[in-house]
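Model the full assembly from the supplied sequences, consistent with the hints where possible.
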Amino acid sequence: MNTFLENQNWRYATKKFDVAKKISASDLELLKEAIQLSTSSYGLQPYKVFIVENPALRAQLLPASWGQSQIVDASHLLVFANVIDLGQNVIDEYFVNLIETRGVPAESVQGYKDFMSSSVTSLTEDARNTWTSKQTYLAL
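What the sequence shown shows, in the working numbering, is residues 16 to 155, in sequence order.
I should point out that these hints are in silico values taken from the structure, not numbers from a laboratory.
Idealized CB from N, CA, C, for every residue including glycine.
Hints should not be assumed to be uniformly reliable.
If you anchor each label on the Cβ, the simulated ranges turn out as follows [claimed, not checked]:
1) T136 x K31: 19 to 25 Å
2) V124 x A49: 35 to 41 Å
3) L20 x L72: 35 to 41 Å
4) L113 x S137: 17 to 23 Å
5) A71 x Y127: 17 to 23 Å
Under the rule of at most 30 Å between Cα atoms (straight-line distance), these lysine-lysine pairs were calculated in the DSS-like manner [what the hints assert, rightly or not]:
6) K37 x K47
7) K149 x K47
8) K63 x K31
9) K47 x K36
10) K128 x K47
11) K63 x K128
Given below as structure tokens:
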């Protein structure tokens, strides 16, 4: 338990990256897996994560980042973007993946799918966008 609390107290916000240092491929894979395993409501994960390595593209993103040097100095930039067109098609794709991954019959998850569909599609567009942006923060 002590280790858990120590980990919770550790904070560090990198203000300046060493441009000569690069994140290792194994560390990048670990980050990607941690994002993939992160929690979200319904397990839907209504966001995309873009890994930007191209220096020219990161330079183009600099003005949208208020000129923060970390955007161009880090070896990799992870951009978290919430899904803004979350509709029934996204939910259907989620359940196709869930059924294939878990090897369960579609009928066994139909009630959950109906519940999720009703909950998500009944939200206004603004409420849905707010909800997806908050889900994105969970992965961040």
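Hint check:
Here the CB-CB span from T136 to K31 is close to 45 Å, at odds with the stated 19 to 25 Å. Checking the proposed 35 to 41 Å range against V124 and A49 shows it is violated: the Cβ atoms sit about 26 Å from each other. Checked against the given bound of 35 to 41 Å, the beta carbons of L20 and L72, roughly 40 Å apart, stay inside it. Between L113 and S137 the beta carbon distance is about 21 Å. The supplied range of 17 to 23 Å therefore holds.
Distance hint check: the CB atoms of A71 and Y127 are about 44 Å apart, inconsistent with the given range 17 to 23 Å. Taking the CA atoms of K37 and K47, the gap is about 16 Å. The hint holds against a cut of 30 Å. Note on K149 and K47: the hinted pairing holds, with a Cα-Cα distance of about 19 Å set against a maximum of 30 Å. For the suggested pair K63 and K31, the alpha carbons sit about 26 Å apart, so the restraint of at most 30 Å is met.
About 19 Å separates the Cα atoms of K47 and K36, which keeps this hinted pair within 30 Å; it holds. About 27 Å separates the Cα atoms of K128 and K47, which keeps this hinted pair within 30 Å; it holds. At roughly 21 Å between alpha-carbon atoms, K63 and K128 fall within 30 Å of each other, so this suggested pair holds.
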